[in-house]
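Number of protein chains: 2
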Amino acid sequence: MNTMTSICPSELVRLPARHGVAIRLNPGQTIKVINTHGKQVVDTWAFNPHDLYEAISMEHSRPFWLKLNPHKGDSLLTNKRRKILTLVEDTTPGIHDTLVAACDPTRYVQLGVEGHHDSCNENLFLALDAIGLVAPETPSPLNLFMNVPVHPDGRIEFAQPVSEPGQYVCLEAQMEVIVVLSACPQDITAVNGMRPQDVHYCIL
Amino acid sequence: MNTMTSICPSELVRLPARHGVAIRLNPGQTIKVINTHGKQVVDTWAFNPHDLYEAISMEHSRPFWLKLNPHKGDSLLTNKRRKILTLVEDTTPGIHDTLVAACDPTRYVQLGVEGHHDSCNENLFLALDAIGLVAPETPSPLNLFMNVPVHPDGRIEFAQPVSEPGQYVCLEAQMEVIVVLSACPQDITAVNGMRPQDVHYCIL
Chain A
1 MNTMTSICPS ELVRLPARHG VAIRLNPGQT IKVINTHGKQ VVDTWAFNPH DLYEAISMEH
61 SRPFWLKLNP HKGDSLLTNK RRKILTLVED TTPGIHDTLV AACDPTRYVQ LGVEGHHDSC
121 NENLFLALDA IGLVAPETPS PLNLFMNVPV HPDGRIEFAQ PVSEPGQYVC LEAQMEVIVV
181 LSACPQDITA VNGMRPQDVH YCIL
Chain B
1 MNTMTSICPS ELVRLPARHG VAIRLNPGQT IKVINTHGKQ VVDTWAFNPH DLYEAISMEH
61 SRPFWLKLNP HKGDSLLTNK RRKILTLVED TTPGIHDTLV AACDPTRYVQ LGVEGHHDSC
121 NENLFLALDA IGLVAPETPS PLNLFMNVPV HPDGRIEFAQ PVSEPGQYVC LEAQMEVIVV
181 LSACPQDITA VNGMRPQDVH YCIL
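In order, the protein sequences belong to chains A and B. Take the first sequence: its position 59, counting from 1, is numbered 59 in my numbering, and each next residue is one higher. Take the second sequence: its position 137, counting from 1, is numbered 137 in my numbering, and each next residue is one higher.
Extracted from the complex, chain A is given alone in its bound form (with noise of 0.2 Å):
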């Protein structure tokens, strides 16, 4: 890890592979999320934590854009159109996804699997719980690292991240905001190049 010290002068956090994490920021405070092996996709969320109703919405956010995907400088909305987070920093490709719902048993069921697996949507809500609060549902997360590229007649696929081992963005808090982040434990698609790894993150 010498050289995620480089890149995280604060303390670096490991998020286990198929874990989560809720985290507190204040207005003006970033977090850095590193894709410390390149090919991991991760979930991100972030809340108003006087309202939970209050989230950070893919459907309110493109519009706002006039595109698919933030890039650096743009901002995330809530479903009140305000911004609660700003992309500041990217040195990925720039390859993230707004379209894909956080997987969940269903997912995996529907997917083949038998028996418990870990998901994205169960991460966030053990995540909250953690500390103290239940999210009334799960919004469409902003999911970093995410290849699901867009051909030209309108089909989608799910590719591996273009990602590459240390590569991050950093994403600055505009309001009082809880950020979740979940490594995805998706191992079924091609999603995380088939191999669920650990990601790390710190707050500047």
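Hints are not guaranteed to be accurate.
It does not matter which identical chain is used: a pair holds within one copy or between any two.
[As the list claims (entries may be wrong)] DSBU-like, lysine-lysine: derived pairs with alpha carbons at most 35 Å apart:
| hint | residue 1 | residue 2 |
| --- | --- | --- |
| 1 | K72 | K32 |
| 2 | K83 | K72 |
| 3 | K32 | K83 |
| 4 | K32 | K67 |
| 5 | K67 | K80 |
| 6 | K83 | K67 |
Everything labelled a hint here was simulated from the structure, so no lab data went into it. A quick note: this is a predicted structure, and the numbers were derived from the prediction, not measured.
Let chain A serve as the given structure and place chain B on it in line with the hints.
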């Protein structure tokens, strides 16, 4: 409306411009939504009447279709990944939108409108209130007839519908469902050809 009766043998109902309506369907019933004047967007939702937290979800439907937009034969999923409606007929060129949130009062303030402006979000809550229900939140709608072209670089734009007068879609209920339609009152952008109009529907 003579041409309309030929495509709607059952009672034809007018949904006035800028208004919404909630309709309860049993499994197997179909709602035909007619773009009477051709260029009117109809924001469309579907809820499980026994659990309003289960509702139509664009972010769950897109990965199921592996497409941005549904075509004839495609089913819309709920946030529990269950089929709720199936697009069984579509006489339009097949351009609908799944990317953009319903318009709401904040949207019109941000567009420079002073004072009250009708909105699809308000129409959703008024339509449900009329049958004694309250949605816990506003799902991202299926925007029937709405034309949001996606460019190869990921940019999106708001364009005029390509549907023509009298063209329609038919949505068949796959479970007990409450369908909400809103004749979008957007008159600031080109979404409805700058002029919100009546549409019609009937139950088959």
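Results for each hint:
1. K72 / K32: within (13 Å within a copy, 43 Å between copies)
2. K83 / K72: within (14 Å within a copy, 37 Å between copies)
3. K32 / K83: within (18 Å within a copy, 38 Å between copies)
4. K32 / K67: This pair counts as both: shortest intra-copy Cα distance 23 Å, inter-copy 32 Å.
5. K67 / K80: Classified as both: same-chain Cα gap 19 Å, cross-chain 27 Å, threshold 35 Å.
6. K83 / K67: both (16 Å within a copy, 29 Å between copies)
Of the hints listed earlier, there is not a single one the structure fails to meet.
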